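S.K.: The lines below spell out each chain.
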Amino acid sequence: MNPLPLVAVAGNPNAGKSALFNALTGARQKVGNYPGVTVERKSGRLMLADGRPVEIVDLPGSYSLDPASPDEAVTRDVLLGRQKGERQPDALVIVLDASNLDNHLRFALQLIELGVPTIAALNMVDLAKRDGLELDSQRLSQELGVPVVETVAVRRKGIQELHTALDDMLSAPFCGVHEHVKSDLIHLQRRAREIATAAVVSETPVRRWTHRLDSVLLHPVFGPLILAAIMFVMFQAVFAWSEAPKSWIEDGVASFSNAVGPMLPAGLLRSLVVDGAIAGVGAVITFLPQILILFFFILLLEGTGYMVRAAFLMDRLMHGVGLSGRAFIPLLSSFACAVPGIMATRTIDDPKDRLTTILVAPLMTCSARLPVYTLIIAAFIPNTRLVWGVGLQGVVMFGLYVSGVAGALLAALVLRRGVLKGSSGGFMMELPKYQWPPIKDVAIGILTRAEIFLKRAGTIILGTTVVLWALASIPQAGPGQKQSEVSIAGHIATGIEKVVRPIGFNHDISLALLPAMAAREVSVAAIATVYSIDSPDEKAGANKLEDKLQHRWSLATALAFLAWFVFAPQCISTIAVTRRETNGWKWPLFMVSYLFVLAYAFAGLTYWTAVALGL
Amino acid sequence: MNAPFQPDTISLDQLKVGTKARVSSIGWHGLEESEACRLRHFGFDEGVTVEPLHLGPFGRDPIAIRVGRMTVAIRRKHAGAIRVVPLGQ
Chain A
57 MNPLPLVAVA GNPNAGKSAL FNALTGARQK VGNYPGVTVE RKSGRLMLAD GRPVEIVDLP
117 GSYSLDPASP DEAVTRDVLL GRQKGERQPD ALVIVLDASN LDNHLRFALQ LIELGVPTIA
177 ALNMVDLAKR DGLELDSQRL SQELGVPVVE TVAVRRKGIQ ELHTALDDML SAPFCGVHEH
237 VKSDLIHLQR RAREIATAAV VSETPVRRWT HRLDSVLLHP VFGPLILAAI MFVMFQAVFA
297 WSEAPKSWIE DGVASFSNAV GPMLPAGLLR SLVVDGAIAG VGAVITFLPQ ILILFFFILL
357 LEGTGYMVRA AFLMDRLMHG VGLSGRAFIP LLSSFACAVP GIMATRTIDD PKDRLTTILV
417 APLMTCSARL PVYTLIIAAF IPNTRLVWGV GLQGVVMFGL YVSGVAGALL AALVLRRGVL
477 KGSSGGFMME LPKYQWPPIK DVAIGILTRA EIFLKRAGTI ILGTTVVLWA LASIPQAGPG
537 QKQSEVSIAG HIATGIEKVV RPIGFNHDIS LALLPAMAAR EVSVAAIATV YSIDSPDEKA
597 GANKLEDKLQ HRWSLATALA FLAWFVFAPQ CISTIAVTRR ETNGWKWPLF MVSYLFVLAY
657 AFAGLTYWTA VALGL
Chain B
496 MNAPFQPDTI SLDQLKVGTK ARVSSIGWHG LEESEACRLR HFGFDEGVTV EPLHLGPFGR
556 DPIAIRVGRM TVAIRRKHAG AIRVVPLGQ
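Residue numbers (our numbering), protein chains in the order written: chain A, 57 to 671; chain B, 496 to 584.
To be clear, the hints were calculated from the coordinates, so they are not data collected in a lab. Be aware that one or more of the hints could be misleading.
Derived DEER-like restraints, expressed as beta-carbon distance ranges [unchecked claim]: (1) B/Glu541 to A/Arg635: 41 to 49 Å; (2) B/Ser529 to A/Trp641: 46 to 54 Å; (3) B/Ser529 to A/Asp106: 26 to 34 Å; (4) B/Val580 to A/Thr253: 31 to 39 Å; (5) B/His524 to A/Asp106: 50 to 58 Å; (6) B/His524 to A/Leu269: 20 to 28 Å; (7) A/Arg84 to B/Ser529: 46 to 54 Å; (8) B/Trp523 to A/Arg635: 47 to 55 Å; (9) A/Leu269 to B/Glu541: 26 to 34 Å; (10) A/Lys642 to B/Glu541: 55 to 63 Å; (11) B/His524 to A/Arg247: 49 to 57 Å; (12) A/Thr253 to B/Glu541: 55 to 63 Å; (13) A/Ala296 to B/His524: 31 to 39 Å.
Note that the structure is a prediction, hence the values are computed from the model and not measured. All C-beta atoms, glycine included, are put in the ideal place defined by N, C-alpha and C.
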C-alpha cells in the first residue's frame, strides 16, 4: 500500500504555524518523536475533496535552512528528504506572518527554491491590518510564483480556501525535489525585502498595540512587579478556584464508596475495593481541578505571547546563575510537570545551559506535588485571612513554590561553577505580537492534560495503591496490634524509618516515600490507604484525611515533610525523560543523588528548627 | 568582540531607547557561529534600520530592538558587536 501523501507545514517561529496546523487537522493529532533525536513530531490527517486522506506534519519553526538548533536541523532534513523515519513531503504549506514579510519571505524563498509544490499562507492578516498594513496577496503570489492564501488561523479564516488550494496541488503529479542550492543568505534577505515592499498596498503609521503594551509590561519597574503579581494570582487561583469542584469530587468519591461497600462481602475483597482502590484513587483525583487551573494559566501565558516577555524580564537574573532567559519557559512549564519542561529545553542552543536547566527543572514544584502540599497545608495551616483576598494557606503555598525556585537558582549557580563550568551561551529571542489565543486551542491543551492525569490515576496510581494495599494488609494484624506495623509494608517502612527518623519522619511517612517514586501524588493515596486500613471502624469518607493527619503528625513533622517534597528525588517519568534527553544514565543518576541529599538536608533543617522553636 | 572603530558610529548597546540608527558594520568574527547565524536570521545586516525599544529591568540587559518589522531581544554584549550611525530623533 502506498503511504499517504505527506504535506509539511513550515515557517518561521511565531508565524502562527501551530494555530494553522490545529485549524487544518482539528483536535485529533499524533505526537511522537523523530528517531534518534529528541525533536517532537506532530502530525494529523486531512481529507481531500475526493475522499483521499493526506497526512499533515507540523515542522519545528525555523528561520532558514541553515540550522542554528537541533529543531531547525530536523526541519531542514525533512524538507530535503534526508530525515530518518520520515518520507519526502509531497507538498509544502509555508506560513508567513503578514506583518513581518521582510523576514519571513527569506525562508519562504529558500523553500520555494526546493521545487516542491508549495502554497504560501499569508497568516495573521487581521493583525497586519490592525497595524495599518494593507497587502496585495495577488502581487505576492506573482513575485513568489506560488499560490498565496490569506488566512487568520486563530479565527479559522481562510482555512477552506487553503484546503481547496491543497486539493488542486495534490492532484497534479510531482517528481522529486531539486538539489538544495545554497543561495547566499544576504542575497535572499535583500530579495525578500524587495518582494515585501512590492506587496505593500498602503501603510498607515499607527501606534502599535504590542509596543504600547510592552511599554508597560517590559517597564523596568512595573514589568517585574506585574510578572510577580501574575505569578501570585496564578497560585492563589490554583487554591481558591478549586475549592468548590474539589469538594464536589470528594463528596462524589465518598458516596460512591458508601454505595459500593455494602454490595461486597465484608472482608479482604471489600477492603481491597473500598480502602485500596477507591480511597487511593479518590484521594488523587480530587486534585484534578488544581492541575487544570495551573495548565490553564500556563497555556494562556504561552498563547498570548507573554511567556517570552517573562523570559526577557528574567534573563539577567537567570544569566547571573549561569542560565539564559530561555530557561525560564522550560522551568515555568516544570511547575506543571517536569517531563514537558525538560522536553522544552530543546529550544536552548547552548549544551551546558541546556543540561543545567534539565538538572534543576525537577526543583520547580510540579503539579503532582500539589496534592501533597494541599493536604498538609489544609491539615496544619489555619485558614485565616491576612488581608482581603489573601489567605495564610495561599501564602504558605506561595512560599513553598518560592523555595523551589530559590533552590533551583542556587543549584544552577553551584552546577555552573562546578561540574558544568564554562561560558554561558547567548540569549536571542523574537518578541512576537500579543494576541488572544483561540479558546478552542487552550481547551484542547487542557483536555489533553486532564486525559493524561486521569490515565495515570487509572493505571500507575491504581496499580500502586492496590499493590500497596496488599503489602499493607498482609499479614492481618492480630488483636492489639497495629496493621501498619505488622504488615510487609510495615517491615519495609521500618527499614526506611531508620534513615529518615532523624529528620522527623514517622513510620507512616516512610511507608509513603517509596511509592512516591512512581508518581508523587501517590504518596497522598498511600497515606490515605494506610490510614483507612488502620481504622476499619471509621466510616469511609466520614473522617477526612486532614483530620486523621492532625492527630498523628506533629507540626514539625508536617513542615519537614513539606520541605522534603520541595527537593524530593523525582518520579520515574522524570528520570526516564532525563535519560532520554541526555543520552545516558550518568546525568539522571547525578540528578537523583544530589536531590536526595538536598531533600534530606532541608527536611532535617526544617525539623530541627521547628523543634527548637517548640512547634 | 567590538567591530572595528569608525568615526560617527557608536555601538548598538550605547544607542538610546527610541533613537533610530542605521547599521554600519557588524563584527561577525567576534561572535560564535550560531549567534552570528541567529542575528542574520533576525535580519541584522549592514544598512538596516534598528531602534532599541526596551531595556531589561536588571542591569539594563537584555535589549529589545526593532529590526525591520520584528522586535527581538539580544544581550548587551552582542549588541556591542554592532556599530550603528544614529539617525536623529
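S.K.: Next, verify each hint and record whether it holds.
M.R.: Taking the hints in turn, this is what the structure says about them:
One distance hint, 41 to 49 Å for the beta-carbon pair glutamate 541 of chain B and arginine 635 of chain A, holds here, with the actual separation near 46 Å. Serine 529 of chain B and tryptophan 641 of chain A have their C-beta atoms about 28 Å apart, which leaves the hinted 46 to 54 Å range violated. At about 45 Å, the CB distance of serine 529 of chain B to aspartate 106 of chain A disagrees with the hint of 26 to 34 Å. Separated by about 22 Å at the C-beta atoms, valine 580 of chain B and threonine 253 of chain A break the suggested range of 31 to 39 Å.
Our hint of 50 to 58 Å for histidine 524 of chain B and aspartate 106 of chain A holds, since their Cβ atoms are close to 56 Å apart. Take histidine 524 of chain B and leucine 269 of chain A: their Cβ atoms lie about 37 Å apart, and the range 20 to 28 Å is violated. Between arginine 84 of chain A and serine 529 of chain B the beta carbon distance is about 36 Å. The supplied range of 46 to 54 Å is therefore violated. Taken as a hint, the range 47 to 55 Å is violated for the pair tryptophan 523 of chain B and arginine 635 of chain A, whose Cβ atoms sit roughly 38 Å apart.
Under the hint 26 to 34 Å, the C-beta atoms of leucine 269 of chain A and glutamate 541 of chain B, about 31 Å apart, fit the expected range. Our hint of 55 to 63 Å for lysine 642 of chain A and glutamate 541 of chain B is violated, since their Cβ atoms are close to 45 Å apart. Between histidine 524 of chain B and arginine 247 of chain A the beta carbons are some 26 Å apart, a value that contradicts the proposed interval 49 to 57 Å. At roughly 18 Å, the beta carbons of threonine 253 of chain A and glutamate 541 of chain B sit outside the given window of 55 to 63 Å.
A C-beta distance of roughly 56 Å is found between alanine 296 of chain A and histidine 524 of chain B, which places it outside the suggested range of 31 to 39 Å.
When each numbered hint is compared with the structure, violations occur for hints 2, 3, 4, 6, 7, 8, 10, 11, 12 and 13.
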